[in-house]
Amino acid sequence: MKKILILLTLIFCSVLLFSEIQLYNEPVVAMTYGDPLIVELEVRNGLEEIKEIKLYYREQGQLTYQEMEQDMESVSQTAFTFRVDEAATYQSAVEYFFQVTSKTGQIFTLPEQQAQTIPYVVGVSRPITSDESGFVLLSPDEDFSEGTKNYVIAISYFAVQDRIDLNSIQLIYDGEDVTANAEIYSNMLIYKVVNSKGGMHMYKVSASMKNGKEIESETWKTKVSTSSFKQTLNLSGKSVVNTYLSSQAYPNDSDKDDDDKRANWLLQFGGKYGWAGFKSKLYLSSLEDHNKQAVNRYNLSLTSPYFDLTAGDYTPNYGTFLMSGKNVNGIHARLHTPMFSLKITSGKIKRAVDGKLGSELNTNGELIAKRSGTYQQNSLSVRSELGNSTFLWGLGFTKNKDDIDSIDEDVRFVYSEADTLKPQDNIIIGTDFALSLFRRRLMWGAEVAMSYFNSNITDGALSLEEIEDEFDTTIDLPFDPADFEDIFVANQFMQPFKPGPGNMAYKTYLRLFFYQNFLSVSYSAVGGSFNSLSSNFLQKDTSTLSVNDNISLFGNKLFLNLGLNMIADNLNDEKKSTTKSMNYNTTVYYRPTTISYIRLGYNNGVTESDGDDASGIALNITNSCLKFGAGYSVEQIKVAPTEFSISYNKSANEDVANNSFESARDNIVFSANSDFEDLPLETVV
525 MKKILILLTL IFCSVLLFSE IQLYNEPVVA MTYGDPLIVE LEVRNGLEEI KEIKLYYREQ
585 GQLTYQEMEQ DMESVSQTAF TFRVDEAATY QSAVEYFFQV TSKTGQIFTL PEQQAQTIPY
645 VVGVSRPITS DESGFVLLSP DEDFSEGTKN YVIAISYFAV QDRIDLNSIQ LIYDGEDVTA
705 NAEIYSNMLI YKVVNSKGGM HMYKVSASMK NGKEIESETW KTKVSTSSFK QTLNLSGKSV
765 VNTYLSSQAY PNDSDKDDDD KRANWLLQFG GKYGWAGFKS KLYLSSLEDH NKQAVNRYNL
825 SLTSPYFDLT AGDYTPNYGT FLMSGKNVNG IHARLHTPMF SLKITSGKIK RAVDGKLGSE
885 LNTNGELIAK RSGTYQQNSL SVRSELGNST FLWGLGFTKN KDDIDSIDED VRFVYSEADT
945 LKPQDNIIIG TDFALSLFRR RLMWGAEVAM SYFNSNITDG ALSLEEIEDE FDTTIDLPFD
1005 PADFEDIFVA NQFMQPFKPG PGNMAYKTYL RLFFYQNFLS VSYSAVGGSF NSLSSNFLQK
1065 DTSTLSVNDN ISLFGNKLFL NLGLNMIADN LNDEKKSTTK SMNYNTTVYY RPTTISYIRL
1125 GYNNGVTESD GDDASGIALN ITNSCLKFGA GYSVEQIKVA PTEFSISYNK SANEDVANNS
1185 FESARDNIVF SANSDFEDLP LETVV
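Each residue of the sequence shown is one higher than the one before, counting from 525 in our numbering.
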């Protein structure tokens, strides 16, 4: 394994040295909780050679990465911007890396070495609020008008949650103290108004700080319709059109001339009428090609107090191991009550793409496929949940299976046996629980799953007798596997043949939020035979320990992040050596005012094995990166407020054991970002 790894590393370095594609990313060191993550990848050379650009991101401590693809339609010539709205809800740090694929199939990543195990790390700091009280009304909004007389008041005190005495919080609604009926959490208060009278309603919240200071919010107002029979239909939507045009001409070589035209259209439309609501989304792209996986997206969602239904494209979450980060085109239903919920997803993860025969013949005189095609991969997931926000227990399963009849049989078998496109079957069963105490300041949870995987179901299931003959052993089973072919296809390609630790995966995590400290610890292990076709980037045969601590000081002006990731393979001691990777990082972010900041970050990673294999090749690769930055916003320029910044990055990578590569890089960047407030224009220098 290490010999292969070293060979791949050498190939990667050679490609990196001689390739025309040059990438640059100014790492984001820190972001504010509640804001989206915005990162930018700059292509400094070789833009015309790039086929696709992807961003992979996750909250630190999670196993799977979420994927975001840049369709290169709405960006400038060389700068590709990703906006991750989901990251606004992350309380721990954010990890991300870029993956770029060239038209020739070469893959480039940033960070360049071990991007998946040692990604960029972004610390999450708390916002600085100019409001003395620190109370923020989240719901309802100022334009709220609800004919059903039922609505929810949500008030956040996230900015002062470590300094506020939770037992002193008091909510006054229409002159009455209703605190006893409110749900008070560590950073939020929720109060449900039921059957309110028509007219204007006023409410405010007050509390005592731990230092004895009294704080009080402003008085908010909500108007409820006085008509008892009138229902208001609230509609909203947006439509966005993006286009991208480029033309490159080579006077001395016209064969390289390239014209590129792309466009996409996004339409979102939704509404609410009383207790019922709907949302719809339509995304059409000029990159849509029936010979590739779908780029277009569409769905329609219907919502109600107890039942939700979505038809079309959707990305459900059934846990880390069952289904995570996969788009499913189909039907998604959810039945939910205060103590029980049931979710069902049925559809396809991949659509069928027919192969295409070429004109060349193989050694047997058969036509060689120019494109082998892709089976339609169907998926069914079911999950039940029992409990509430204090304790929740979940149980579910996911079934993924390729449809053998979805593509042309003549194209499937034109390759040699080793390269023939093979349909697969996969089933995962899992359970999990989550415990939340002290108003969600302490959270503990765990997940465990078991999988069965078949890498080739072309010939269907084998009977018990055929399996015994195939493996020359006696198997004691009370049933014949061939009778359950519709549930799972069992034959000689099944992994594993006998269940055990190798086809299991588990994870446990602990999160503590006390004294301006957010500590997150997680441990996971994924067996070498565990497979989940419906989850992204699960590293098999590995155990991972992740520790992350976010510390906020001086009224959320000084932010410190400490992180440690340790990964090891060879869980069952089936290999001659074990490869271990350790990465630690620290970030200091100081923002004395809302217009200036200073940041300092350091990241170090080491990957090594505990022994040599038969080839005598050892493994010891080190990576380090030092980052410094400072910025200042000049808001006195009324027409175009500008933020000036400077950053310095020093990185080093080395193969200590074999001296196959060693690199060091220094980057200094000065930038000025101007936002023309009266014009829809932004410039970056």
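Since the hints were derived computationally from the structure, they do not count as laboratory data.
We put the beta carbon where it would ideally sit given N, CA and C, even for glycine.
A portion of the hints provided could be inaccurate.
As a list, the in silico SDA-like pairs of lysine to any residue whose alpha-carbon atoms are at most 25 Å apart [unchecked claim]:
1) K716 x D698
2) K785 x T767
3) K737 x G1079
4) K762 x K716
Restraint ranges, calculated between C-beta atoms of paired labels, are given here [claimed, not checked]:
5) D993 x F864: 42 to 50 Å
6) Y548 x F1008: 38 to 46 Å
7) D993 x K575: 16 to 24 Å
8) L859 x A1164: 36 to 44 Å
- Query: For which of the previously enumerated hints does the structure constitute a violation, in increasing order of number?
  - Reply: The structure conflicts with hints 4, 6, 7 and 8, although it agrees with all the remaining ones.
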